[in-house]
Every structure is written in C-alpha cells, then in structure tokens.
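**Q** Listed in order, the protein sequences are those of chains P and A.
Residues in the first sequence are numbered from 13 upward in steps of one, following our numbering.
Residues in the second sequence are numbered from 6 upward in steps of one, following our numbering.
The hints are simulated quantities; they were obtained by calculation from the structure and are not laboratory data.
Backbone N, C-alpha and C define an ideal beta-carbon position, used for all residues, glycine too.
Treat the hints loosely; a few may be bogus.
Derived SDA-like pairs: lysine to any residue, alpha-carbon spacing no greater than 25 Å straight-line [unchecked claim]:
hint, chain 1, residue 1, chain 2, residue 2
1, A, Lys267, P, Ser247
2, P, Lys249, A, Leu91
3, A, Lys267, P, Ile135
4, A, Lys267, P, Ser140
5, A, Lys35, P, Leu308
6, A, Lys35, A, Met118
7, P, Lys249, A, Ala269
8, P, Lys249, A, Met118
9, P, Lys249, P, Ala146
Some, not all, of what chain P presents toward chain A, calculated at C-beta under 7 Å [claimed, not checked]:
hint, residue
10, Gly118
11, Ile131
12, Ser159
13, Met287
14, Met289
15, Val318
16, Pro322
17, Ala323
Beta-carbon label-pair distances, calculated as ranges [to be verified]:
hint, chain 1, residue 1, chain 2, residue 2, range
18, P, Val23, A, Pro122, 44 to 50 Å
19, P, Ile104, A, Leu116, 38 to 44 Å
20, A, Gly260, P, Leu166, 53 to 59 Å
21, P, Ile104, A, Val154, 45 to 51 Å
22, A, Arg183, P, Leu312, 21 to 27 Å
23, P, Phe313, A, Pro122, 47 to 53 Å
24, P, Val23, A, Val257, 54 to 60 Å
25, P, Tyr19, A, Pro122, 33 to 39 Å
26, P, Lys326, A, Arg190, 39 to 45 Å
27, P, Val23, A, Ser239, 58 to 64 Å
28, P, Trp191, A, Ser239, 34 to 40 Å
29, A, Val74, P, Leu166, 41 to 47 Å
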Amino acid sequence: MRRKSVYLALVPVIVVVCPWIVGPFWTQIMLLTGLYAICILGLSLLIGHAGLVSLAQAAFWGIGAYVSAFLSLKHGFPTILALMSGLAVAGIVAFLLGWLTRRLAGHYLTLVTLGAGMIMNLIFVEESWWTGGASGLSGIPHLSLGSWVIDSDLRMYYLVWGILGLVMVLIWNLLHSPWGRTLQATRDSSTAASATGVDVGRFKVQAFVASGVLAALSGALYAHYMTFVSPELFSFKQSILFLLMAVVGGPLSIWGPIIGALVLTGLTEALRSVMPMFGTDAVGPLETLIFGVLLLVVILFLPSGVMSLPAKAKIVRGEGKPWRRYSWPRT
Amino acid sequence: MADTLQLVLSGLALGGIYALIAVGFVTVFKVCGLINFAQGDFATVGALSLAMFFAIGLPTWLALLGAIVVAAIVGGVLHRVFLDRLRDQAETVQIIATIGLSIVLQSVGQLLMGSQPRAVPPFLPGQPYHLMGGAVPRQDVVILVAVAVLFVLLYFFFEKSYAGAALRAVMLNRDSARLLGISARSMATFSFIIGASVAGLGGAVIAPVTLVSYDMGLTLGLKGFVAAVVGGLSDVPGAVAGAFILGLLESVGAGFVSSAYKEAIAFVVLIVILLWRPNGLFGKSADRV
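Let's have the full structure, built from the sequences with the hints guiding it.
**A** As structure tokens, this is what we get:
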C-alpha cells in the first residue's frame with residue numbers, strides 16, 4: 013500500500029518534468045494524449061462501468077468543439093464562457109439521447125448511438141450558418157484567462173494534464189461512491205438492480221451525461237488548441253478511434269484511457285512518418301485497416317486491455333485472486 | 006398520380022434492398038444471438054466484387070453469382086476464424102468485435118478501389134419503363150425481381166430443406182437442437198453465410214443505382230437494422246415488411262423534409278419504434294428489450 017502511494021505521488025512529478033525531458037515533438041504528442049484521455053475517461057465510464065457501447069462519442073466531442081468555437085469566434089464570448097456553454101449543450105443533448113434510450117442496452121443502444129452520431133455529423137455539415145459547413149471554422153481564439161493566453165504547446169500541456177488529473181480524481185471518487193457501485197450493479201445485472209429498487213434508467217442517463225460532458229470538454233479544448241474544426245474530425249471514424257483507445261487501454265481501469273490514448277496517438281504519429289514510403293494516397297485506408305486489425309487483435313487476445321496485464325501476470329505466477337477487477341462481466 | 010406511383014415504386018425498390026440486409030440481421034441474431042455490425046459491409050463486398058467481375062468482362066449473371074459467392078465466403082470465413090471464438094464472451098466484447106470487422110472490411114474495400122465511388126453499368130440497359138404515365142427505372146424492376154426470387158428461394162429453403170429445418174431448430178432452441186445432434190457451431194457459420202450472401206446480392210443489385218463506394222455498407226447496415234427492429238428482430242416476414250415500410254417512408258418523406266436530412270428518417274423511425282413498441286410493429290407483447 014505504501015509503495016503504491018509513493019508511485020502515485022511520483023505521477024504528478026513525472027507529468028510536470030516530462031516536457032523538459034522529451035522535447036517539443038513529444039510534448040505535443042503527450043498534450044494530445046492528455047486531451048484524448050479526458051474524452052476516453054468518459055467513454056470508459058460508459059463502456060466499462062455502465063456496460064453501454066456508444067458510437068456517438070465523437071459527435072459529443074464535436075458539439076463541445078463547435079459550440080465553443082462558434083460562440084467565441086462569431087459572438088466574441090470569453091473563451092472560458094464559450095467552453096462552459098459547449099459543455100452545457102453537450103450535457104443537454106446527452107441527456108436527451110440518454111433519456112430516449114434509457115430502456116435500451118447492448119446492441120440496440122450501440123446502433124442508436126451510431127445513428128445519433130451520424131445525424132449530429134450531418135448537422136455539422138449541413139447547418140453551415142454556425143458550423144461553417146464542410147470547410148469548418150478556422151481562426152478560433154486560444155483559451156485565455158484575462159490577459160493570460162494559452163497559446164503555446166507547453167501552457168496547453170500543463171492545462172490539459174491539470175484538467176485530466178482533476179477529472180481522474182473525480183471519476184475515481186465517483187466510481188468508489190455508492191453511485192459508482194450502483195452503476196456497476198446495473199451493468200452486471202439490470203434485473204437484479206431494479207429488483208433492489210434501483211432506477212436503472214436514471215443511472216444510465218446520468219452515465220450518458222457524464223460521458224458526453226467529458227467528451228465535450230475534450231473537444232472544446234481541442235478546438236481552442238488547434239484553432240480549427242471541420243466535420244470529418246467528428247465522424248464515425250473518430251468514434252471508432254475513441255472506442256479503440258478505450259479498449260486498448262482497458263475500459264475498467266482509471267489509467268487505461270491514458271495508456272490507450274498514448275498508444276494510439278503515438279501509433280498515428282508513427283504511421284504518419286512511415287506512410288510516405290508507401291505513397292501518400294494510401295495513408296487513410298491503410299491507417300484505418302491497421303486500427304481495425306488492432307481492435308480485432310486486442311478484443312480477441314486481451315479483451316480487458318493493457319491494464320489487465322499486471323493482474324494476469326499475477327495469476328500466471330500463482331499469486332493473487334483471479335482477475336476480477338479488470339475483466340468484462342459476463343451477462 | 007404518376008408521381009406518386011413513381012415514388013411508391015422507388016420506395017419499394019429501396020425497401021427491397023433494406024429487406025435483404027434485414028434478413029441477414031434476423032437470421033444471424035436468431036441463431037447466434039448477436040447483432041452483426043458488419044452486416045451492411047457484406048453488401049459492400051457484394052457490390053465491390055460485382056464491379057471487379059464487370060471490370061474483367063464477365064457477363065451480368067455470372068458477375069452477380071460471383072458477387073454472391075464472394076460475399077458468402079467472406080461471411081463464412083470471418084465467422085469461423087474470428088467471431089466463433091468470441092461466442093462465450095460478454096455481449097459488449099462481441100459488439101466491439103463486429104464493429105472491428107466492419108472497419109477492416111471497409112478499409113480493405115477502400116484499399117482495393119480507392120475513395121472515389123465507382124459506377125457500375127445497369128443490368129438491363131435502356132430507357133425506363135413507362136407505366137401509367139410514370140417512368141420506372143429498369144434497375145428498380147431488376148431489384149424488385151431479385152428480391153422476390155430470393156424470398157421464394159429462402160422460403161423453400163427454410164420450409165422444405167433439411168438444412169433449413171436444422172437452422173430453424175437452432176433458432177427455436179439451441180440446446181434442444183444440440184441434443185438432436187445438430188451442430189450449433191456449423192449452424193452459426195451457416196447463418197453468417199446466408200446473411201452475407203443475401204446482403205451481397207443486395208449490394209450488387211443496388212450498385213448501378215447508388216455507385217459502389219467503400220463505405221456504402223454503413224448506412225445500408227443501419228437501415229437494415231431499423232427494418233429488422235420495425236419487424237421485431239426475430240421474424241423474417243416482419244423484417245421484410247419493416248423494410249418496405251421504411252423504404253416507402255424514406256421515398257415519400259424525402260419530398261417533405263430537405264433531402265439532406267433524408268437519412269434522419271430511419272433514425273427517427275428507430276427511436277419511435279424502440280420507445281413505442283420495442284418488440285416491433287408486429288410483435289405480440291411489449292416487453293422491455
């Protein structure tokens with residue numbers, strides 16, 4: 013236990029000194045990792061702890077990005093206020109979607125979220141008065157607090173990882189609260205949970221809202237960092253990338269999202285530098301193919317993600333309990 | 006009158022395609038208990054193979070047959086080497102696995118044919134037929150004929166053949182079927198082969214109308230699923246009826262809403278059905294799903 017606390021105390025130190033050691037290129041990758049991890053934490057909450065696979069996560073990511081970009085760019089809102097509005101809109105949309113589908117689970121819900129994501133993407137393309145249509149919005153202002161503008165990678169890195177740290181603490185506490193236990197109970201057996209008086213639908217809606225707001229937070233940060241958004245950033249393909257990040261890291265662990273985001277962001281960058289050797293035309297499909305195969309391999313051989321490896325190793329060594337914590341519940 | 010007839014006929018043709026996808030959903034769901042997210046991509050496999058067989062100069066009927074065979078092989082092999090291993094896993098894992106399959110099929114398609122949609126010549130070249138003052142494209146007629154022939158064949162297969170009876174037995178009760186010596190595993194693969202070949206036919210016959218593109222399966226799959234849900238997801242005639250209802254709604258509804266949001270109709274239908282009658286329009290009780 014004490015060794016664990018020492019490790020935990022080391023993490024913030026590593027995060028703080030990391031940019032000074034790895035250099036500007038990797039700082040950028042770590043920044044994106046942290047950014048995605050915020051979104052993946054939300055998705056993991058939904059997939060791992062509520063047992064609901066959502067394919068609309070990229071659309072919520074997009075709502076955060078577009079609303080915040082639109083308000084700060086076209087209406088001159090202070091960026092913080094614009095960001096908050098993005099979260100609020102995403103929260104409302106997530107509530108509506110969650111409330112409509114509160115009785116659904118499994119395949120039904122996944123297909124509904126797939127459809128919802130496609131519709132939201134259609135809105136980003138068609139409603140060009142606020143989204144800029146297919147060409148998107150550019151020149152989005154950087155985040156700022158008074159005169160303090162977050163316009164460098166280093167500042168953004170610290171902001172993103174600071175927020176990520178807060179979100180992790182929040183989620184960890186949520187999952188270890190009665191609310192989290194109940195959510196997991198509804199996942200393991202919604203019949204048993206509702207028999208003990210739990211309003212299963214309400215918990216699902218709450219998980220949906222939490223997940224959507226986290227996605228929007230990540231999306232708004234992304235928009236103000238990149239200063240550019242366009243509809244294809246929030247497409248089905250991006251939702252799959254998020255799903256892959258969640259699955260690779262392990263959606264049942266609080267550290268999984270960071271591992272998944274790091275692996276996939278690193279892989280994307282690595283592919284981008286290797287791809288020109290194969291001719292630039294093939295970058296898109298080959299990248300998607302590699303991600304698809306990776307998703308299949310992980311789900312076949314390591315369905316609970318990288319974070320289940322230490323627990324698995326313990327079992328191989330004959331120590332510890334069977335890996336309950338990191339394995340998918342079988343319903 | 007002529008316009009209405011034209012809308013209805015194109016709606017029926019659209020519905021026929023959705024029916025082909027929906028039948029695959031229902032067959033696989035009843036035998037394996039899982040919704041295959043790659044179902045729509047089997048249609049892409051069919052359309053893409055058809056385009057390739059046309060490119061090497063095969064006659065239409067041979068290219069069509071080839072497209073169905075390729076889709077069937079892809080479906081069977083994917084189930085045997087991959088999905089079969091996951092049959093004891095959690096539902097969440099199975100969902101993610103078929104999503105992965107869908108991605109792989111799409112990107113392989115994109116690698117083979119590029120991102121540009123590809124045109125396929127119509128099966129019956131020539132002017133549209135004239136019927137009661139309306140013009141009916143020839144390919145719509147081809148689609149409707151193909152769908153009708155296929156459903157007659159499927160009916161005889163399920164009702165009259167031994168394999169069809171075995172498949173129905175597994176659908177009714179997997180454990181009892183096992184006791185009777187029917188291999189549930191073979192039947193699961195078989196259901197995938199049927200689902201894939203039927204969807205492959207759908208993709209092939211719609212190819213001259215919509216062009217062949219690597220991601221055509223995504224929307225087709227979603228529409229097929231909506232059709233299956235309208236029918237209750239457990240009954241083939243219901244799914245077919247659901248598909249025609251959806252096709253007609255889309256064809257007629259496109260005139261009322263902007264054509265850009267035509268795609269949203271299926272989604273609205275899905276939500277309404279799942280909220281109002283989770284067991285489908287023709288389902289008996291309205292239990293929670």
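**Q** It remains to establish, for every hint, whether it holds in the given structure.
**A** Here is what the structure says about each hint:
1. A/Lys267 <-> P/Ser247: 18 Å, holds
2. P/Lys249 <-> A/Leu91: The hint holds at about 24 Å.
3. A/Lys267 <-> P/Ile135: Satisfied, since the Cα-Cα distance of roughly 12 Å is no more than 25 Å.
4. A/Lys267 <-> P/Ser140: Holds - the C-alpha atoms of P/Ser140 and A/Lys267 are around 17 Å apart, at most 25 Å.
5. A/Lys35 <-> P/Leu308: 24 Å, holds
6. A/Lys35 <-> A/Met118: 34 Å, violated
7. P/Lys249 <-> A/Ala269: Holds - the C-alpha atoms of A/Ala269 and P/Lys249 are around 19 Å apart, at most 25 Å.
8. P/Lys249 <-> A/Met118: At roughly 19 Å apart (the allowed maximum being 25 Å), A/Met118 and P/Lys249 satisfy the hint.
9. P/Lys249 <-> P/Ala146: 16 Å, holds
10. Gly118: Nearest chain A Cβ about 5 Å off; hint holds.
11. Ile131: With a closest approach of 5 Å, the P/Ile131 hint holds.
12. Ser159: Hint violated; P/Ser159 Cβ to chain A Cβ min 43 Å, cut 7 Å.
13. Met287: 13 Å, violated
14. Met289: 16 Å, violated
15. Val318: Status violated, d = 15 Å.
16. Pro322: P/Pro322 check fails; min Cβ-Cβ to chain A is 20 Å, beyond 7 Å.
17. Ala323: 17 Å, violated
18. P/Val23 <-> A/Pro122: 44 to 50 Å: 49 Å, holds
19. P/Ile104 <-> A/Leu116: 38 to 44 Å: 40 Å, holds
20. A/Gly260 <-> P/Leu166: 53 to 59 Å: Because 55 Å falls inside the window, the suggested range holds.
21. P/Ile104 <-> A/Val154: 45 to 51 Å: 49 Å, holds
22. A/Arg183 <-> P/Leu312: 21 to 27 Å: 25 Å, holds
23. P/Phe313 <-> A/Pro122: 47 to 53 Å: For P/Phe313 and A/Pro122 the Cβ distance comes to about 36 Å; the hint is violated.
24. P/Val23 <-> A/Val257: 54 to 60 Å: Given about 59 Å between the Cβ atoms, the range holds.
25. P/Tyr19 <-> A/Pro122: 33 to 39 Å: 53 Å, violated
26. P/Lys326 <-> A/Arg190: 39 to 45 Å: Distance hint for P/Lys326, A/Arg190 is violated at roughly 33 Å.
27. P/Val23 <-> A/Ser239: 58 to 64 Å: Given a distance of about 50 Å, which is not inside 58 to 64 Å, the answer is violated.
28. P/Trp191 <-> A/Ser239: 34 to 40 Å: This hint holds: roughly 35 Å between Cβ atoms.
29. A/Val74 <-> P/Leu166: 41 to 47 Å: Violated: the Cβ-Cβ distance is about 58 Å, outside 41 to 47 Å.
Checked against the numbered hints listed earlier, the structure breaks hints 6, 12, 13, 14, 15, 16, 17, 23, 25, 26, 27, 29; every other hint is satisfied.
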